[in-house]
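Taking the hints into account, I'd like the entire structure generated from these sequences.
Going down the list, the sequences are from chains A and B.
Taken in order, the first sequence gives residues 1 to 180; the numbers are from the numbering used here.
Taken in order, the second sequence gives residues 181 to 662; the numbers are from the numbering used here.
Hints are supplied without guarantee of correctness; some may be wrong.
Ranges of calculated distance between the beta carbons of each label pair, as one might list FRET restraints [said to hold, decoys possible]:
hint: 1; chain 1: B; residue 1: Leu553; chain 2: A; residue 2: Ser83; range: 28 to 36 Å
hint: 2; chain 1: B; residue 1: Tyr342; chain 2: A; residue 2: Gly31; range: 53 to 61 Å
hint: 3; chain 1: B; residue 1: Asn224; chain 2: A; residue 2: Arg139; range: 16 to 24 Å
Covered by chain B, according to a simulated footprint, are these stretches of chain A (three or more residues, beta-carbon under 8 Å) [what the hints assert, rightly or not]:
hint: 4; region: 43-57
hint: 5; region: 141-155
Where chain A lies over chain B, by a calculated footprint (3+ residues, C-beta under 8 Å) [said to hold, decoys possible]:
hint: 6; region: 339-351
hint: 7; region: 406-414
hint: 8; region: 422-436
No wet-lab data here; the hints were simulated from the structure.
Quick caveat, the model's predicted, so the values are computed rather than measured.
Glycine included, each C-beta is placed from N, C-alpha and C at the ideal position.
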Amino acid sequence: MPVEEGVYGLLAEFNTPGAMVHATEQARAAGYRRMECYTPYPVEEAATALDVHHTRVPLLTLMGGLMGLTTAFLMQTWMSAISYPINVAGRPLFSWPAFMIPAYEWTILFAGLSAAFGMLALNGLPQPYHPLFNAPNFRTGATDNKFFLCLEAADPRFELADTRAFLEQFHAVSVVEVDL
Amino acid sequence: MATKPISEPLRHPVNDPMIDPRTGEFAVIAPGHNFASVTQKISNVVLTSHTPLGWFFGLIAAAGVLTMMIVAITWLVLRGVGIWGVTIPGAWGFAIVNFVWWIGIGHAGTLISAILLLFKQSWRNSINRFAEAMTIFAVCCAGLFPVLHIGRPWLGYWLFPYPNTMNIWPQFRSPLCWDVFAVSTYATISVVFWYIGMVPDFGTLRDKATHPFPKWFYGLLSLGWRGSTRHWMRYETASLLLAGLSTPLVLSVHTVISFDFAVAALPGWHTTIFPPYFVAGAIYSGFAMVLTLAIPIRKFYHMEDLVTLRHLDNMAKVMLGTGLIVAYGYGTEVFFAWYSASHWEWFMMWNRMFGPMGWGYWMLILTNIAIPLFTLWWRKLRVNVTYLFILSLIINTGMWFERFVIVVTSLYRDYLPSSWGTYRATKWDYMLYVGTMGFFTFLFLLFTRFAPMIPMNEIKMMLPQAKLAGGLDAEETVEETA
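The following block contains the structure:
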């Protein structure tokens with residue numbers, strides 16, 4: 001594998017989302033797999049080009065929600081009917097319809113926290129250091145108005161000169177090496 | 181919406197860039213923006229080294245009012261709830277009125293950020309961030325009241341189910357306990373939704389900041405966000421799920437709050453119309469509060485091209501719709517009081533309208549129904565910024581009167597004339613209520629200064645440049661920009 005020591009990848013900068021998506025599609029067609037697009041706002045087409053639409057966030061959310069529902073329901077049942085039973089005006093100790101409201105709230109609470117923190121965990125955030133932040137044009141543009149495609153050195157097809165030539169054919173504003 | 185033919189006489193000046201000459205519709209955001217200008221316009225408010233003088237004046241004024249709240253709370257803690265006007269039978273006074281009012285105001289924020297997101301209403305993008313901030317600060321204000329109302333606020337944590345040596349648990353069959361769950365969940369999820377929404381924008385601020393401290397500060401808050409497509413996809417899924425979860429949450433919170441009333445066997449409270457009617461009222465007052473905040477902010481920070489007349493018009497339409505539901509609720513209350521043939525219920529309604537506190541009821545009808553619902557039908561008024569601002573204050577007052585009427589006029593004269601009483605708020609009640617407005621404004625001013633008040637990434641999605649024209653004709657797009 002002709003990976004250069006100390007290179008994370010080649011970063012191509014584009015002015016428009018269309019140019020970036022086009023380059024991404026071509027790179028994928030050329031056999032590159034380890035790559036990523038960086039955009040200031042979500043670009044649906046880039047996700048299609050990279051084929052990364054599938055996420056596990058909904059599954060985590062569902063699991064969180066079910067956990068919240070079960071926890072709250074069992075907790076209330078145990079507290080009201082087993083741990084400290086109080087007879088209030090002859091109402092049943094296991095008055096499950098009344099327990100549904102806190103259970104419903106905790107379903108949402110646990111599911112929401114799972115969605116948010118699950119998303120962060122799957123994204124590997126917080127991550128203060130990333131090699132891409134070494135590229136000066138990335139720091140000024142990626143969250144503002146530029147569109148980046150990074151072909152990573154870990155890709156078996158990556159070869160510094162060839163990959164650079166490949167990226168340059170797409171009228172990129174610049175193609176820079178990213179230090180590891 | 182059908183497109184009008186061009187030959188038809190136009191109601192609007194052709195040269196107005198904010199209006200589509202063919203449809204006469206307002207643009208969602210003003211033309212002429214690009215990605216960089218959006219970033220610059222919004223991040224400049226935060227990253228400028230020159231804080232506007234008006235902001236300082238606002239903050240000092242808000243801090244003054246906030247001091248009043250602190251004094252009121254301190255005295256309350258020292259002397260107890262006896263300093264308030266609450267007595268028997270009027271045991272739920274301003275504390276509950278203000279609690280329901282504040283939490284209702286918060287609801288529009290969640291509605292804008294969640295329900296309108298699910299319905300793909302892209303016009304929400306300019307206003308959702310500060311509407312969410314409004315929600316959180318309103319919930320902060322709301323939360324104070326029940327905690328203070330329990331008399332010994334330092335024991336407020338007893339409401340939570342935690343293992344304790346007293347071996348006693350909350351009463352889960354009580355709506356007051358449900359409130360604890362509903363409101364704490366609502367506050368938590370709102371904060372999470374708000375923060376997650378800001379992470380990419382914090383990334384922008386980190387990259388735009390030049391001074392080391394803001395760079396470090398926003399770097400910390402942005403969690404290392406770098407706009408990777410894989411991240412964006414998970415982020416969008418999570419946002420959508422949070423929106424989907426917040427939607428039933430926001431409906432449930434006010435429903436649970438209405439149960440506090442509806443579960444009591446008291447005339448005027450024991451009503452099945454309460455849950456939907458409370459939710460609609462919450463949205464009504466919440467949108468009014470969004471307008472109260474949005475109109476000065478867009479003026480002060482020159483955001484007229486991002487928060488456009490289209491937004492104000494749409495919000496006014498939502499207010500018209502929810503206001504009609506609220507009016508229907510008032511009508512139903514009166515109808516049920518009469519149709520149920522319940523003596524107590526009808527007496528309550530008669531007393532509410534023509535009793536010693538009847539002025540409150542008619543104020544409510546005037547400010548909540550008569551003024552807004554007869555004027556919002558005219559588009560000229562819906563896009564008249566001054567009128568909308570005044571109207572939003574009127575509706576906020578009206579919704580406060582609604583809560584006052586529900587709480588007080590039901591409680592102070594119930595079944596037995598021998599147990600009748602009255603309710604009069606004391607200066608401490610007023611100080612605490614007005615003080616929370618200072619608290620709210622104080623937090624909101626800090627937010628406008630230190631956080632991106634309009635979501636940059638969501639505005640960028642709406643720009644024409646963001647649409648990939650004709651599929652993916654990359655060559656053409658590149659040439660255009662070259």
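Here's how the hints hold up against the structure:
Look at leucine 553 of chain B against serine 83 of chain A: about 52 Å separates their beta carbons, and that is not inside 28 to 36 Å. For the pair tyrosine 342 of chain B and glycine 31 of chain A, the supplied restraint of 53 to 61 Å holds, since their beta-carbon distance comes to about 57 Å. Separated by about 18 Å at the C-beta atoms, asparagine 224 of chain B and arginine 139 of chain A satisfy the suggested range of 16 to 24 Å. Counting residues of the region 43-57 of chain A whose beta carbon lies closer than 8 Å to any beta carbon of chain B gives 9, which reaches the threshold of three, so the coverage claim holds.
With a threshold of 8 Å between beta carbons, the proposed coverage of the region 141-155 of chain A by chain B holds, since 4 of its residues qualify and at least three are required. With 6 residues bearing a CB less than 8 Å from a CB of chain A, the region 339-351 of chain B meets the requirement of three and the coverage assertion stands. Coverage of the region 406-414 of chain B by chain A holds. Counting CB-CB distances below 8 Å, 9 residues qualify, and the rule asks for three or more. Given as covered by chain A, the region 422-436 of chain B passes the check, having 7 residues with a CB less than 8 Å from a CB of that chain where 3 are the minimum.
This entry does not satisfy hint 1, going by the numbered hints stated previously; all others are met.
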